[in-house]
Amino acid sequence: MARDGAIQFAEMTSVEQLSPGLTNEQQPGRYRLRQGDGDRLFDWNHGPQGVKPHCFSPREVLWSEQGEPLRFQPRLPAQAPIALVGVRACDLAALSIQDKHFLHADAPDPHYRQRREQLLLIGVDCAHSAETCFCVSTGDGPALDGGYDIGISELDEGFLLWPGSDKGQTITDRLALQPADDRQLESMLRISTQAAEEQQRSLPQPAELRRLYRRLEHSHWQDVADRCLACGNCTAVCPTCFCYDTGHEMSLDGENAQMVRQWDSCFSAGHSYMAGLLVRANVLQRYRQWLTHKLAGWQEQQGRTGCTGCGRCISWCPVGIDLTQEAAAILREGSVDV
Amino acid sequence: MSDNREIRIKVPVLTRVEGEGALELDLLNGAIENLKLRIFEPPRLFEKFVEGYERDQVIDMVARICGICPVAYQMSAVQAFERLSDFTPGRWVREMRRVMYCGEWLQSHALHIHLLAAPDFLGFESAIAMAADYPDAVRRGLRLQTLGNDLIALFGGRSVHPVGICVGGFYRAPELKAVEAILQRLRAALPEAEALVAWTSALDFPDDEQSFISVALSDPEEYAIDRGNLVSGQGLDTDIRYFESHFKEVQSPHSTAFHSELDGRPYLTGPLARLNLNFHQLPEPVRRAMDGCGIVFPSHNMFHSIVARALELYFALFEAVRLLEHYQAPQRSREEVTPVEGNAFGCTEAPRGILWHRYDVDDRGIVRYARIVPPTSQNQGRIEEDIRLSLEKMGLDREEEEIRLRAEQVIRNYDPCISCATHFLRLKISHR
Amino acid sequence: MNRQKPKLAVHKFSSCDGCQLALLNLGEPLLQLPDLVDIVHFAEAGPCESDAEVDISLVEGSISTPEDVRRIRQVRENSRFLVALGVCATYGGLQALANFNDRDAWMSAIYPQPQRIDILPTSKGVSDYVKVDLQLQGCPVNSAQVLNALRDLLSGMKPSVAIQSVCLECKRNGVACVLVSKGEPCMGPVTLAGCGALCPANGRGCYGCYGPSELVNDASLAHRFEALGLDPQAVTRRFRFIANNAAAFKAAGDRLEGDPHER
Amino acid sequence: MSDLYLPRTAVIDQRTQESPTIFTLRMQFEDDHAQQAFDFSPGQFNMVTLFGVGEIAISIVNDPQDSHFFDHTIRVVGRVSEGMSGLRPGDRVGIRGPFGRGWPLDEARGKDVLLVTGGLGCAPLVSVIRYLMNRRDQFGHITILQGVKHSSDLIWREQYDIWSREHEVKVLLAADVVTREWRGQQGMVTELIGELNLRIGRAIALLCGPELMMMAAIANLRSMGLADNQIWFSMERNMQCGVGQCGHCQIGPKYVCRDGPVFCYSELADFMGTKGF
Ligand SMILES: Cc1cc2nc3c(=O)[nH]c(=O)nc-3n(C[C@H](O)[C@H](O)[C@H](O)COP(=O)(O)OP(=O)(O)OC[C@H]3O[C@@H](n4cnc5c(N)ncnc54)[C@H](O)[C@@H]3O)c2cc1C
Ligand code: SF4
Ligand code: SF4
Ligand code: SF4
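Residue numbers (this note's numbering), protein chains in the order written: chain A, 1 to 338; chain B, 1001 to 1432; chain C, 2001 to 2263; chain D, 3001 to 3277.
Next comes chain A alone, as it looks inside the complex (with noise of 0.2 Å):
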């Protein structure tokens, strides 16, 4: 739903409130809504927010406490069930991510799954890219690949339907639908065709991506440093971005407290903090903690990048940094690995 001039997922009560012929355009540091004469409903890509604040809560309590004498007490989300209309492909990619980083056997986070267990997922095929999507390079979009329960292609003459999983299944066996033919199939195919030729960035492939690693002394770090306001936007709006950070709330009486954890980020003087030292104590090392954490990091951590070439970090970091030309620039000039 357009809420505040972007795209955002809000309770919807009737069809009535998507807005038909609405786009987006969204350029390095810049998003806009604009409401065209058509009539297709999912023409937008997204707005800053995917998946991730329905599993990984903004902030949340993970337990309360009671002092005299100590007790500790779960405090389990009670999340109803909700569905989530128009996932993008990136997001679904990223939701395999973050399921995978929050739900691994050694530790599953049982706040997370709750969360995640009540989500219905419904996947719409990208018609367009937004200039700043790259998600053909990662291999994760514009077409639906997986991770959702009902997929969904809007065409001329209407909306493409099939299942991704049983729950899914058990929908669109009470739906009356019509069989697609092929020439309605291959407008299906041709729309993420299009979608993807229409992309103008890409990221290094991943194996050329570890090189990051071996650049951590490039001058081009300074470069970005010297733009970058270690805001946190990007890992904010990034659908992988996992950092929290946890504090203790106590009440006034001091009789009882609880345990909050609210999203952190890589960029923020907290998350670096060791008791009388930050170990990355300015923009460049916190910049760089960043991109190489996601692009090369991730590779060992979970055996992909964490970057699944949605744009957001690029499209709303307010001084329009965009990571792949960072990447690209780091990887590319002054040819010496360390």
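Hint data in this document are derived by calculation from the structure and do not stem from the laboratory.
One thing to keep in mind: the hints can contain errors.
Claimed, not checked - In the DSBU-like style, the derived pairs of lysine-lysine whose C-alpha atoms are separated by at most 30 Å in a straight line are: (1) B:Lys1177 with C:Lys2131; (2) C:Lys2158 with C:Lys2250; (3) C:Lys2250 with C:Lys2131; (4) C:Lys2131 with C:Lys2005; (5) C:Lys2250 with C:Lys2005; (6) D:Lys3149 with C:Lys2158.
Following the hints, position chains B, C and D with the ligands against chain A.
Frame of chain A; chains B, C and D with the ligands shown alone:
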């Protein structure tokens, strides 16, 4: 007791007033020889700060003159800028500004009644101490105050230096859900406010009629808050742009504040003045709250100010409910208002009285000169006059402690806001 | 803990009273306070023993007169733990704008008899005169910050203050960046978090009332503001605003004013 | 589903003040089953919660065979650790753990072990020293190099005396600044390394202390011929969760809490000494 005492009463820090003031009172042979309400709030020079800033920035700046009535400052400023551009806000904006203003009245009046004034009447040092004997009254007051704060925050994010008002309207319209939630609380508080009126009017008031001039805004259509003409009980009725030709500010020798005079005389502004002039415009149910309590407006007993506040608090709730009842978020919460060069005048009824602003603005909307006359500095002359009359009436042969308490109580009747009085006064009493 | 109740004082200097309201606006919880602390000085609320020795002093307002200087030294001497509340007490407040100008000239422009008023040439934060144990930024500070700090102090802990930009709070609130989606010149990226990112939530750019955050890249942000169409003076005014005397914003303002093209 | 963030309560049995700023808490889980099931290896740590204040990572310093209790030696550096210094027997804390990968005991078995520590009594090594001492026959020569800034910083002095009397155990103490009673060496630990007669082929080095000290020690050891995979050390980073989720403790692609805190030099060689990791 024949009075040849020399008493010097000094209240170096007036408590339960906003900002720092002092009282100095010297009595010699049973007569007041020296009486000074000193507002020593270091001058903050706000009128100079705003020079060179944009209109919307000025709205955020002048809020900082006072943490207790920031909305009033913002409203007077925004009114000035909009009037200058000959812009009349649409109905939604005007009504919602009025609601927000009601929030400030509610908050400020509740704060003053309970935390500042009531302890005087009941003989406590503070509301916190009073809460031990009057827990329900104090809690009711705090609840009403919170409600007022929340009403401001509905439009401005927070109640101190809210961030919602801009030239042309509001930065954002509140969501229906939030409005509905607060509306429910406002409705539920109506009986509490009505009870508060009864509670205050049952307090024990000294018999202290004085003659004074009341000045307030007055509007033919409604109980004036955010617009109206300048009106006095003595026949003044003029557009706010002519304020300067009737009201003169003089710098009193003993303080950093100015005080104002209307045609050379002190005057009263604030809740009692407003009720004295506009009581008949209150909605009927609000007026009825006064039935049978033995106090009628107009009243010339300054101690009735606490009742006036309670009644206005009730009105503010009533008005907010009325205006929010059929709330609908508008298409746009603000209109573009092109800056115009010229002299901008704004005046609204802050909780403590009329708050008059003048800005000279250039064609890019940058303020080049400002003059701000807050209510407290207008009341200052009146306060000094009142202390004098009131003490004389009570009898200057009383115990020093009693004199001091009475003088302080008189001051608190005005709810002086010394922070506001960037231009205002400390009481040192001395009997000689 | 079987100790005596800690003593608390609230002192006011040059200010709008807005920060003390963080306590007076607490609503009913205000009545809980006396169970936890012994309030010995809080003129606006009633108790008035300004010279008492206390465990915790909350100080609001900037230091702008010779008398203020004397008084703040006294407060320091009498207090075990001194907390500076709000932008006035931490950085001199909006009134520090006078520092950039000829205060005497301003005084005479406003007062017919300025010589009657004894003020310092500058308005500065408390820490410019005495040691401050904790600074809580914000114009005004909010109740939660003050309560958390009190809560920590009461249980014998050093209070902690989160050091982040407004942006992070804003994103956690689910608000779309107003700079990116509306072109509003927002100070959020260089402003310390703590307010709950109110301005963006209200559809406008942050105006920096919490003062600078930890790393302030003012040059980059100023550059961006110009690209949004602000002229150099308008950019300077963004930094030279509520927290104009905070080092990072002051430096930014001075530099921008110095030579708007030297970037 | 068990909640990996929910601490269990433990009761303090005993509190020992080791130095003005260092104290040891001996504690046990309130729940006996939890205590019996508590199994850790030297070098692992717990997340310890102080009511209403915070949760911090603290190494376990006793020998795993002590099954009725566990010990934490804590240095006061900030909010939480300072708060914990006020804990007394009978008080309770919250415990999550044990977490992380401990010292490479299997690799060390049968080898000469060099333990180098700097700073104020390096807790992560104490557990492994105790482990080695209690299983003296499984290991070769043991050399303990302990450096402190000031001689009065040294804690566990008697312990070192006792250990030094063990068979084939050498304890070398060094302080940058010494008082008259000091019986150890004067100077940096790293200087002492050069004076050691290591049997390079069969040695393993375990390091713990400030990163600069460790970097210098590693450089010395490598120049003496120790291979990268013979050098192990324990790292510290900000930790919020202890289980590899909060993202704070990363060094390059490694999580200190999960992949460490004990690392082999070869794993982190790229990042050690690069500012910002
Ligand atoms: C694996 C591991 C084992 C440790 N073992 C011990 C031990 O046995 N004894 C001991 O005294 N200390 C140990 N530490 C260090 C201990 O965790 C910090 O000293 C402690 O977190 C400081 O908290 P504070 O609140 O007192 O300090 P503050 O400076 O007030 O720190 C505030 C917060 O920052 C974080 N933080 C600060 N310093 C560190 C740090 N060095 N590591 C992780 N988080 C930090 C914590 O969340 C802390 O609550 C260990 C650290 C790690 C990572
Ligand atoms: S790194 Fe940027 S482009 Fe990649 S997934 Fe995150 S926000 Fe999207
Ligand atoms: S890259 Fe952009 S969004 Fe990210 S921290 Fe820097 S300025 Fe902020
Ligand atoms: S968003 Fe910025 S200006 Fe607005 S209230 Fe917060 S800190 Fe103050």
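### Query
Do the alpha carbons of Lys2250 of chain C and Lys2131 of chain C lie within 30 Å of each other, as the hint requires?
holds, 21 Å
### Query
Are the Cα positions of Lys2158 of chain C and Lys2250 of chain C separated by 30 Å at most?
holds, 29 Å
### Message
Between the alpha carbons of Lys2131 of chain C and Lys2005 of chain C, is the straight-line distance 30 Å or under?
### Response
Distance of about 24 Å is within 30 Å: holds.
### Task
Would you mind confirming whether the straight-line C-alpha gap from Lys1177 of chain B to Lys2131 of chain C stays at or under 30 Å?
Answer violated: Lys1177 of chain B to Lys2131 of chain C is near 47 Å, above 30 Å.
#### Entry: Distance restraint between Lys2250 of chain C and Lys2005 of chain C, which requires alpha-carbon spacing of 30 Å or less
Roughly 41 Å between the alpha carbons, so the hint for Lys2250 of chain C and Lys2005 of chain C is violated.
### Query
Lys3149 of chain D and Lys2158 of chain C: Cα distance at most 30 Å?
holds, 27 Å
When held up to the earlier numbered hints, the structure conflicts with 1 and 5 and fits the remainder.
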